[in-house]
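Enquirer: Each chain is listed here by its residues.
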Amino acid sequence: EDQVTQSPEALRLQEGESSSLNCSYTVSGLRGLFWYRQDPGKGPEFLFTLYSAGEEKEKERLKATLTKKESFLHITAPKPEDSATYLCAVQAWAAGNKLTFGGGTRVLVKP
Amino acid sequence: DSGVTQTPKHLITATGQRVTLRCSPRSGDLSVYWYQQSLDQGLQFLIQYYNGEERAKGNILERFSAQQFPDLHSELNLSSLELGDSALYFCASSVDGRDIEQYFGPGTRLTVT
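Residue numbers (our numbering), protein chains in the order written: chain A, 1 to 111; chain B, 1 to 113.
Read the hints as simulated data drawn from the structure, not as lab findings. Cβ coordinates follow ideal geometry from the N, Cα and C atoms, glycine included. Fair warning: there could be bad hints in the mix.
Here are the computed lysine-lysine pairs in the BS3-like style, where the Cα-Cα straight-line distance is at most 27 Å [stated by the list, open to error]:
1) B:K9 / A:K42
2) A:K57 / A:K69
3) A:K68 / A:K110
4) A:K110 / A:K57
5) A:K42 / B:K57
6) A:K110 / A:K59
Facing chain A, according to a computed beta carbon distance under 8 Å, are these residues of chain B, among others [unchecked claim]:
7) L39
8) R55
9) N59
10) F104
From the derived model, a few chain B residues whose C-beta atoms are all more than 12 Å from chain A [unchecked claim]:
11) S2
12) P8
13) T15
14) G16
15) T20
16) E62
17) S86
18) G105
19) G107
20) R109
Okay, chain A solo, but in the shape it has when bound (with noise of 0.2 Å):
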């Protein structure tokens, strides 16, 4: 059975302070592993797809890296609009078109 774990559950930083999240990974067979952001009450919203082992991808002040086990987000030089909950899914193509999510971890960023 396919799992992904987050950590840490939840991040508090200073406006500039980086730091990255991790998810960890275990499925037979990776399709592509994703990034989504959410924010409270409303729906994930995409971020990347990593699809193979050594993988980065950027956007603004967030980096996504993968290898075979995990996947790091770096967030670096966060200001208080980065506060969300980011979550990680996986596809196995196994599984279908089927998403994995871990379960999340909130950051919140203090100005």
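Add chain B to chain A, keeping to what the hints say.
Expert: Same frame as chain A, now just chain B:
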């Protein structure tokens, strides 16, 4: 705005009742997915439809059913509602070809009292 629309935004109903949630996918997307998000379970995949046909099933209860219509909109029917069914229900859509990213709608918050 992802381009996926869901109605209604909020729904409050009593135990034992039946409700229907509606989803319109992004223009051009053939696949629709339903997910349930509760505080204790996180985001859980329920079911996928592709061009009108059921393609994959997750942990969907027998009291729940879904369908996708010829115009590609989808409905999720929840019956014999229990307190534990209170959750956010999200619809997502994808092209389902080379692109595998799923784009989520704003969700329907269901409260069962």
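Enquirer: Determine for every hint whether it applies to the structure shown.
Expert: Here is how each hint holds up against the structure:
| no. | hint | verdict |
| --- | --- | --- |
| 1 | B:K9 / A:K42 | 10 Å, holds |
| 2 | A:K57 / A:K69 | 17 Å, holds |
| 3 | A:K68 / A:K110 | 33 Å, violated |
| 4 | A:K110 / A:K57 | 25 Å, holds |
| 5 | A:K42 / B:K57 | 24 Å, holds |
| 6 | A:K110 / A:K59 | 21 Å, holds |
| 7 | L39 | 10 Å, violated |
| 8 | R55 | 6 Å, holds |
| 9 | N59 | 10 Å, violated |
| 10 | F104 | 4 Å, holds |
| 11 | S2 | 7 Å, violated |
| 12 | P8 | 14 Å, holds |
| 13 | T15 | 23 Å, holds |
| 14 | G16 | 26 Å, holds |
| 15 | T20 | 19 Å, holds |
| 16 | E62 | 19 Å, holds |
| 17 | S86 | 14 Å, holds |
| 18 | G105 | 5 Å, violated |
| 19 | G107 | 5 Å, violated |
| 20 | R109 | 7 Å, violated |
Hint violations for this structure: numbers 3, 7, 9, 11, 18, 19 and 20, all remaining hints satisfied.
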